[in-house]
Every structure is written in structure tokens, then in C-alpha cells.
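Asker: Spelled out from the first residue to the last, the chains are:
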Amino acid sequence: MSITFEAHGPAVVADVQGRLDSTNAAAVEAELFKQLGSSAFVLDFTRLDYISSAGLRVVLVVAKRLKQSGNKFILAGLQPHIKDVFEISGFLGILDVADSRADALTRL
Amino acid sequence: MTLTRRLVLMVAACIALAILSISLVFGYLGRNALIEQAEEQAQAIARIVAESARLTEISLEEMEGVVIDDLSILAFAIGSMNTLSPGELGNRLAEIVARGNASSIWLVDSNLRVIANSIGDYGAIIEGETLPIGLPRHALDALTSGKRFTLELGSPIDGVQYVGVRVDGGRALIAGQPITVLDPVRAANSVPVLLAALLNRDEIQAIQIFDDTMRMTAKIGDELPVDDVNELVDDSISGAAPSSDLWENKLLVAAPIRDSAGIAIGSTVIALSTKRLDAMLSSYLLYGAIAAAIVFALGSAIAGVFAGRITRPVAAMTHAAREIDGRTFQPESLNGLAAQSDELGTLARVFQHMAIEVQAREEHLESLVRARTIELEQKNHLLEESKRRVEAELDAARSLQAAILPQALPAHPSYDGKATMVPARELGGDFYDFFAIDDRHLGIVIADVSGKGVPAAFFMAISRTVLQSTARESHSAGTCLAAANTVICSQNPMDLFVTTFYGILDTETGDFTYANGGHNPPLMIRRADGSVADLPRTGGMALGVMPGLSYSEKKVHLNAGDTLFLYTDGISEAMDSEGREFTEGRLKDALIDAHAQHVDLVISGVTDAVGRFVDGAEQSDDITCLVIRYKGARETLDSPTELARAS
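Going down the list, the sequences are from chains A and B.
Following UniProt numbering, the numbering of the first sequence begins with 1 at its first residue and continues without gaps.
Following UniProt numbering, the numbering of the second sequence begins with 1 at its first residue and continues without gaps.
Some hints could be false.
What the hints assert, rightly or not - Sample of chain A residues at the chain B side, in silico, Cβ under 10 angstroms:
no., residue
1, A14
2, Q17
3, R19
4, D21
5, T23
6, K64
7, L66
As the list claims (entries may be wrong) - The list that follows gives simulated cross-link-like pairs (lysine-lysine, DSS-like), each with its CA atoms no further than 30 angstroms apart:
no., chain 1, residue 1, chain 2, residue 2
8, A, K34, A, K64
9, B, K250, A, K83
10, B, K418, B, K379
11, B, K250, B, K418
12, A, K83, B, K588
13, B, K554, A, K83
14, A, K67, A, K83
15, A, K34, A, K67
16, A, K83, A, K64
Claimed, not checked - Derived DEER-like restraints, expressed as beta-carbon distance ranges:
no., chain 1, residue 1, chain 2, residue 2, range
17, B, A360, A, G37, 53 to 59 angstroms
18, A, G37, B, E384, 41 to 47 angstroms
19, B, S476, A, R65, 30 to 36 angstroms
Simulated from the structure, these hints should not be mistaken for laboratory data.
Positions of the beta carbon are idealized from the N, C-alpha and C atoms, including for glycine.
Starting from the given sequences, assemble the full structure and let the hints guide the process.
Answerer: Right, dumping it as C-alpha cells:
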């Protein structure tokens, strides 16, 4: 599990790799929250292999926080099985999802 | 070997080596001196030889002078013997010859006619009354004419030297003397005799004399190597200086022989025994070695004693350092050394001071460590205690969690079911539920709280209670979830959520109405063909995310014998030791015979398949599943054959 952050103009892009589950959800949440500021935020899941319900909660919490602060939040590059998880949980309905990072950045 | 000993040995060895070297140098110098001495000896012999040759010459000349003087006196005597007849004169001359060294005497007149001779009266009959042929005429004339008084008459004739003396009356006396009369003189002065006298078997073993053409003129003593000697002789004559060489056990020395003008006219070679040379060299070496050994032994001993005395303080401090290490050091033990005024005394004082400091610090540290250890042990104990307590409480929570879930479905002729939850080590948030809403309707729930631990467990308990209460108020699955969601959202400080599937089975008709709050769709196993398929999705958000959402419903019809399998992702995402997931595909494979199995077997079939797949890997999530099989409406079940078929 690793996260790298990049600034793209007014947005921060977080590249999340590996597995996001209950063993690292708390750490990832803390790491992401450190980067949440007054800018738009893109979570790039292109290289995310697995997400558990604890991981879903992290995404949800981040989305809520950004919504409160009035910043845009886009989830980008979901692999099909990850997208399925988001779909089943119903989160696709409330999250802004882009096919790729580039796509997400154009929409900001 | 200690440093001290090494130094002592090194110094002593150096001195001994120096002594040996000096002995060698002295030996070499002595040898050179001996050779020089030998060369001087050879030069002395050469001088003696030259001198002896000169003396021999002089003595021979002197002898001849004496002979001529004798003859002159004789001539005077004969000159005054005018009264005698030639015959008597001849007798007198014969007598003189017989008594003296002369071999013959003639008295001649101015015409060189013999007046008398030493043959005496026999002159008439014996040849020899005439002068020997070959005497120089002008010399004889010089005598008879009175021009010369005495005269040597040329070179010897037939081994006889002739001498003439003027006699009064125009006469001359001629005397012959054999040159052999000088032989004894010559012999007494001869070189070999001289050489024999010089020969000394211990020192000079051989002497050889060479002339300037390198021809050997005399030799005495041992044989010498011709080539070596010739080379030496050549060197000494051409260099006009002595030269020497070693041959076997002899020292050969050649020295030039000089004439009175100092020109080299030959060479003397002497062979000296090298015995003295060798003896001297070996005695030098022997004394050198003995001296070196003595110096080495004495030097080592003395230096050892001194070094021991010098390094004693160092040894004492080393000992003290060891004692510090072993905690037995007494600072007073260095008092004597510390009292010294030299550098070692200073070192000892510094050492003493340092040792006291170190000991004090160590004691302080040790007491600190002891205190900390005790503290740590107490804390450890407390920690273990609290860990035990927490674990006990977690165990209790886990048991409670399992206990609050219904253990068996309400007994009903229209359905049969079974549920199980295998909790993971960490407290989880899965739950299932079923409850009779009324006589006809059965509510079925399966849910999974996001995350783990105590918050998840609490959230699970809240969610279950909320669902149960909303389910009683509404007979619509969608309405129920919407109401529950709103309540849960209001009691969700930690932003958790719970995916929830809720369905209502109408036992009369077999209709199954359901709504889904983000949970993975249950599987429908048809009795007719054994097919296993997801229930159609309804779309719907997990509960607790956002209040005020609505949840759409869908309805499926269950025929008698159809089975629903509800589960959480603890099954589909169960992992083996290499991180591979069990997946829905494997779950469907495990359910391939489920339509023909008893519900108990369906559950155990799935959990066994998961157990085989993970093969001992630690269970990371709760494994929860619920099976319900519709057995048909109550009326149809009255027929015994139908009942038997459905079970």
C-alpha cells in the first residue's frame, strides 16, 4: 500500500496503489486528511487492486469532508471490479467518478 | 611476548649484531695488515737478494784487486832478483805458484820473450814456456814500455785470468790465476744459500727469484703454481710494486727487485702460510661471537630489569583498569604511583580520578536501571493485566455479538433456513437477522458494517436494533431501509456505514420483495435446474451515508424448493496465504449441488469450501451467511408428497 501526492494546478491528485482494507484504512485516512485543504481533490485508483468496506468508508469520509469545505472531489480510474464494489454499495450515486486521471483533471 | 620484552630483545640483538660486524671488520683489516706485512717481507727479501748480488760483485772485484796487488808486490820482488839466473828465477816462480793462488807466472823482456816462468827448469822440455796465446799485445807492450804499471790482461782464457805488472828493465811479469779461486766466495754469497737461510717452514714456505725476462733464476721450498706465480711476477715488475694472491692455503706475494738506480730488474716471490691469517680471522670471530653473546645476555638481563621497573606503573594501571571492569577497584591501590612526580604519576592521578568518576557514574546508572527495571516490571504487569482484561472483554463482546444474533429461524412449515457467523479474531460488524413480521411475512436481513473493532461492533448493534424497529413499522422493504437509514445517519458520529440487504418473504405466495442498501446481491438457487444467480440489483446506498435517501424495491417469485443464499464479503473475499480471493465464482461453484441438499449441508458446504481454499491462512473478516429455502404455501404443504419433495 502506498500513496503519492501530486499537485496539478489547483487540484491535488492522490495516487493510491495496492490494497485498501481495514488493516491500513486508518493510516490512509490520516494521510489523505493531511492533504485536504482548500483545493480540489482527485483520488486516482488506477493502481488500486482491492478495496474493503473499511476502504469505502475512507473514500466516503474524504468526500464528505470536501463537500463540507466546498471543494470538488473526483474519483478516477476505477478498475472494473473496484467499480463494481462502489456500485453495489451505492456510492457511485453520490460520488463524482471519472474514467481516468486526465479525464478528472479536465473536469475540474 | 610483551612489548617490553620485544624491545629489550631487539636492542640486545642490535648491539650483538654490531659487535659481530665490528669483529668481522677488524678481522678483515687484520687480514689486510697481514697481507701488507707479507708484502713488506717479500720486499725485504727482494732487497736482500739485490743487495747480496751487488755484494757478491763487489767482493769478487775486491778479490781480484787483492790478487793484482799481490802480483805487483811479487813483481817488485822479482825486479830486485837480478842476481838470479833465469833457471833459479824459474824455480822461485814455481815455488810461488805452488804456495799461492796463481797457476802460472812468466817474466818476459821487452820483446815478450820469456825470461823465466813458473815451470822452472822443466821449461825447456815442457810446452808452456811461451806466453799463452790470446793475451792482448798492446796491453803487454804498454807494460814493457813502462806506460802502465799493472794491467788486467783481457778476459779469462781457458778459465784463467791473466794479470801483468811492469818490472824494471823493460820487463813484465805475467801471472795467471784460475777464476775458480773465487768460487767459494761466490758460493758463500750465492742466492740459494741466502734464500735457504730465509726459509722458515712456519711462515715462509717457498721463495722463487725471477729476472726481468720472467725466467726463474733461483727457487727454494715448496712447489708453487706456475701460472699464478707468473702473473704475480709480471704484475710486480710492470707495476714496480708488490702484488699478492691467495692460493690454496698459501699467500703468494711478489715484490720487485731493484738495482741501485731503483729500476726493477726482477722479482722475488714468497709463499707464506695462511695459517696465521686464518687463525687470526677465526680468533677475531670467536672473540666477537663470545663478546656478542655476553653483551646480549647481560644487555637483555639489565634491560629487562630496567624495562620492568619502567613499565611497572603501566602494569599497575592495566591491572587497575581490569579491576574497574570487574568492579573490585580500590582507588587507594594507586596512591603510591600517584605520588610520583613524573608523567606516569600524573597519568595515575588522572586515572584514579577518572576511575572514581566512572565508578560513581556506574553505580548511579545501575541504581537507575534497577529502579527502571522495577518500574518496567510493574508497568509490564499492569499492561499484561489490562491486556488480559481487554481480551476478556473483547471475548465477551464477541460472544455477546454472536449471542444476540438469532440462533434458529422461527419454525414454520413454509420455509426452512439456517444462518452462521464465524467471527474473525478482530471484532467485526457483520450481522444477519430474521424475524416474523406477522404470521405470513418473514423479514430477512444480512448486513456488513464498514471497518472493524469496537466501533463497528457498536454500530452493528445499533443498526440491527434500528432495522428491527423500522421493520415492524413498515411492511415495505424499501420504506423500511429508508427509515432505518435516516435514523442511523442521525446516530453516526464516526461516519461509519452499513451495507444492508433486507427482504420480506410472503410465505403464502412465495413472493420475495427486497431492497438493497449497498450490500452484495444474494444468490438465488432454483430448485428446478439448480441454477445459481444474483438477485437483480436494485441500486441503493449503504445505510448511514446520507439521510433522506429512498430505496427502490424489487420482487422475485420463489417456487417451492427454491433457495436464497445471503452472504457478506467475508466469504467472497476470503483469502489464501498468497492473497488470492475466494471470489463469487468459487462461491457459485460451491453451491452447484445446493438445490438438492439440506440447508444445513448448504451452509457447511460453503464454509468447508472456504476453509479448504484459505488452507490455514488467518481469517481476516467475519464469515457470515444465511440460507433460506421456500417450501411452498401452507395449503400446498398439506400434501405429504409435496412436503417430502421440498425438504
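Asker: Could you run down the list of hints and mark each one as holding or not?
Answerer: Evaluated hints:
Nearest Cβ of chain B to the Cβ of A:A14: about 19 angstroms, over the 10 angstroms cut. The hint is violated. Checking A:Q17 against chain B by beta carbon gives a least distance of about 15 angstroms; that is not within 10 angstroms, so the hint is violated. The beta carbon of A:R19 comes within 8 angstroms of a beta carbon in chain B, closer than 10 angstroms, and the hint placing it at the interface holds. Restraint check, A:D21 versus chain B: the minimum CB separation of about 8 angstroms is within 10 angstroms; hint holds.
Using the Cβ-Cβ criterion of 10 angstroms, the hint placing A:T23 at the interface with chain B is satisfied: the shortest such distance is roughly 8 angstroms. For the restraint placing A:K64 at the interface with chain B, the shortest Cβ-Cβ distance is roughly 6 angstroms, inside the 10 angstroms limit, so the hint holds. This hint is violated: A:L66 has a C-beta 13 angstroms from the nearest C-beta of chain B, more than the 10 angstroms allowed. The hinted pair formed by A:K34 and A:K64 meets the criterion: a straight-line CA distance of about 15 angstroms does not exceed 30 angstroms.
The suggested pairing of B:K250 with A:K83 is violated, with an alpha-carbon distance near 118 angstroms, which exceeds 30 angstroms. Of the supplied pair hints, the one linking B:K418 and B:K379 is violated, its CA atoms being roughly 47 angstroms apart against a limit of 30 angstroms. Simply put, B:K250 and B:K418 have alpha-carbon atoms about 130 angstroms apart, too far for the 30 angstroms limit, and the pair is violated. With a CA separation close to 21 angstroms, the supplied pair A:K83 and B:K588 stays within the 30 angstroms bound.
In summary, the hint linking B:K554 to A:K83 is supported, as the alpha carbons are separated by about 23 angstroms, within the 30 angstroms threshold. Annotation: proposed proximity of A:K67 to A:K83 holds, straight-line Cα distance about 21 angstroms (limit 30 angstroms). A distance of roughly 16 angstroms separates the Cα atoms of A:K34 and A:K67; the hinted pair therefore holds under the 30 angstroms criterion. Restraint check for A:K83 and A:K64: the C-alpha separation of about 19 angstroms stays at or below 30 angstroms, so the hint holds.
Checked against the hint of 53 to 59 angstroms, the C-beta distance between B:A360 and A:G37 comes to roughly 56 angstroms, which is consistent with it. Checked against the hint of 41 to 47 angstroms, the pair A:G37 and B:E384 passes, with Cβ atoms roughly 43 angstroms apart. Between B:S476 and A:R65 the Cβ separation comes to about 34 angstroms, which falls inside the hinted range of 30 to 36 angstroms.
Violated hints for the displayed structure, listed by number in ascending order: 1, 2, 7, 9, 10, 11.
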